[in-house]
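Fit chain B to the supplied structure of chain A, relying on the hints for placement.
Note that the protein sequences, when read in sequence, are chains A and B. Using our numbering, read the first sequence as starting at 1 and increasing by one per residue. Using our numbering, read the second sequence as starting at 1 and increasing by one per residue.
Warning: the hint list may mix true and false statements.
Unchecked claim - Derived list of chain B stretches under chain A, where covered just means 3 residues or more per stretch with a C-beta under 8 Å from a C-beta of chain A:
(1) 185-192
(2) 198-204
(3) 208-215
(4) 290-296
Stated by the list, open to error - Over 10 Å on every C-beta distance to chain A, these chain B residues come out as not near it, computed from the model:
(5) D6
(6) D41
(7) R50
(8) L58
(9) G61
(10) R64
(11) L65
(12) L107
(13) P108
(14) A235
(15) S244
(16) T246
What the hints assert, rightly or not - Derived DEER-like restraints, expressed as beta-carbon distance ranges:
(17) B:D6 - A:T86: 52 to 58 Å
(18) A:S82 - B:F49: 38 to 44 Å
(19) B:R124 - A:T92: 44 to 50 Å
(20) B:P25 - A:T86: 22 to 28 Å
(21) B:G61 - A:N89: 51 to 57 Å
(22) B:R124 - A:N90: 47 to 53 Å
(23) A:S82 - B:L116: 40 to 46 Å
The hints are simulated quantities; they were obtained by calculation from the structure and are not laboratory data. Where a beta carbon is used, it is the ideal one built from N, C-alpha and C, also for glycine.
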Amino acid sequence: MTHIKRSRRLQAGLAGLSVVSALGAAVGLGLTTQTSSATTASQTNGGSSSSTNTGSHAGGEGNDDSTKSSTTSSNQSSSNQSSPVTQPNNTTPQATTSGS
Amino acid sequence: MTAHLDTTYRFDLWSTTGTVVVTDPAALASVVEIVRAGLDDVERACSRFRPDSEISGLTPGRNRLSPMLADLVGTALDAAEASAGLVDPTVGAVVQQLGYDRSIELLPADGAPVSLVHQVPGWRQVHLYGDKLELPRGVQLDLGATAKARAADLMARRAADTVGVGVLVELGGDVATAGPGPAGGWQVLVQDTADDPAGQVTLQPGWAVATSSTVRRAWRRGGVRLHHIVDPRTAAPAAPVWRSATVAAPTCTEANTASTAAVILGHDASRWLSERGLTARLVDQRQRVVRVGDWPREMAA
Chain A
1 MTHIKRSRRL QAGLAGLSVV SALGAAVGLG LTTQTSSATT ASQTNGGSSS
51 STNTGSHAGG EGNDDSTKSS TTSSNQSSSN QSSPVTQPNN TTPQATTSGS
Chain B
1 MTAHLDTTYR FDLWSTTGTV VVTDPAALAS VVEIVRAGLD DVERACSRFR
51 PDSEISGLTP GRNRLSPMLA DLVGTALDAA EASAGLVDPT VGAVVQQLGY
101 DRSIELLPAD GAPVSLVHQV PGWRQVHLYG DKLELPRGVQ LDLGATAKAR
151 AADLMARRAA DTVGVGVLVE LGGDVATAGP GPAGGWQVLV QDTADDPAGQ
201 VTLQPGWAVA TSSTVRRAWR RGGVRLHHIV DPRTAAPAAP VWRSATVAAP
251 TCTEANTAST AAVILGHDAS RWLSERGLTA RLVDQRQRVV RVGDWPREMA
301 A
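If we strip away everything but chain A, and leave its shape as in the complex, we get (with noise of 0.2 Å):
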């Protein structure tokens, strides 16, 4: 279908296969062909205050050490590589982002 061959050819701005930035950090959305997303979400239901994975975070923060630790593919970013966002720099932001 056009509409795919069109998306393959869009996949190094989008997704799919792991897109390197200019800044050496791997991030990728997953191709239709990694089946893991759709497939094994079964636990969005029930709305439920709290998720299991954020239980442990005392203080309102936290990082998810639970999923992070399955992260070991070459495919995941990496503390050593620059990360998109960093600390601020402590002037006044520019802009927001928010849901809309």
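This is chain B only, laid out in the frame that chain A set:
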């Protein structure tokens, strides 16, 4: 138009707000002109609340699309494919059935209960051949999940390439950047509503960040709270495990696709994001922040 400082322009659009920031004050007017003209094109192409928009005029069967709508539909199908169908543009009929049939500020606070009878047809039912769209009968497209992010990407890149300065375009919280950044990087506040935890980050030039929310764009029907992010597997609003999900990615389209998918995935979100090497921030119903990947620790905004 509101001039704010000399590098920033803020404006209202699509029931939300937008911001344009440039690295050179002398370029602001030119960049704003490019961005606003492009956003007008986007609105004429895909606003489902304008009866004269191109998307409102689509009919079952083959449609020939303008370059802009072809791009936006193609982007939506790409996002559906990349997210394994979690972010699906064929939720249009369900969104309407849920009551979101006009601009959000015009929705009544409550109304008659809705009974969900529609299923989401699925993005694979829709075929785009260049500028030719094959739309099955009964399928309504809603590009709301990706069009704003794609517009931010397009306008930031177009303005930066044309004017030759660093540009940040924020549309309803979807932030895209292009060209060189300011000294110290782009400063972005991450906060969904005033009640939510706030954090400020430095966004590296050329990157993007987007937030999806189950708190904003919400309404009630029959006393039941509903919101605009539909889980295509259930044809109902995604379970509000997260108040919001914020993702950084090379493009705003990718960031928004991932943040929307994260909301839909609920408890599986952090694993899904982490497996894809994404950098993200989730806020749960107790307003606790979960960082994924290399998202930095919060500092007071």
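Status of the hints after comparison with the structure:
1. 185-192: holds (count 8)
2. 198-204: holds (count 5)
3. 208-215: holds (count 7)
4. 290-296: holds (count 7)
5. D6: B:D6 clear of chain A: closest Cβ-Cβ about 12 Å, beyond 10 Å.
6. D41: holds (20 Å)
7. R50: holds (18 Å)
8. L58: About 16 Å separates B:L58 from the closest Cβ of chain A, which puts it past 10 Å; holds.
9. G61: Correct as stated: the minimum Cβ-Cβ distance to chain A is 16 Å, above 10 Å.
10. R64: holds (14 Å)
11. L65: At roughly 12 Å from the nearest Cβ of chain A, B:L65 sits farther out than 10 Å, so the non-interface label holds.
12. L107: holds (15 Å)
13. P108: With a cut-off of 10 Å, B:P108 remains clear of chain A, as the shortest Cβ separation is near 20 Å.
14. A235: holds (13 Å)
15. S244: Since the minimum Cβ distance to chain A is about 5 Å, B:S244 lies within 10 Å and the statement is violated.
16. T246: violated (6 Å)
17. B:D6 - A:T86: 52 to 58 Å: violated (26 Å)
18. A:S82 - B:F49: 38 to 44 Å: holds (41 Å)
19. B:R124 - A:T92: 44 to 50 Å: holds (46 Å)
20. B:P25 - A:T86: 22 to 28 Å: Hint holds: Cβ distance 25 Å, inside 22 to 28 Å.
21. B:G61 - A:N89: 51 to 57 Å: Check passed, 54 Å falls within 51 to 57 Å.
22. B:R124 - A:N90: 47 to 53 Å: holds (48 Å)
23. A:S82 - B:L116: 40 to 46 Å: holds (45 Å)
Checked against the numbered hints above, the structure breaks hints 15, 16 and 17 and satisfies the rest.
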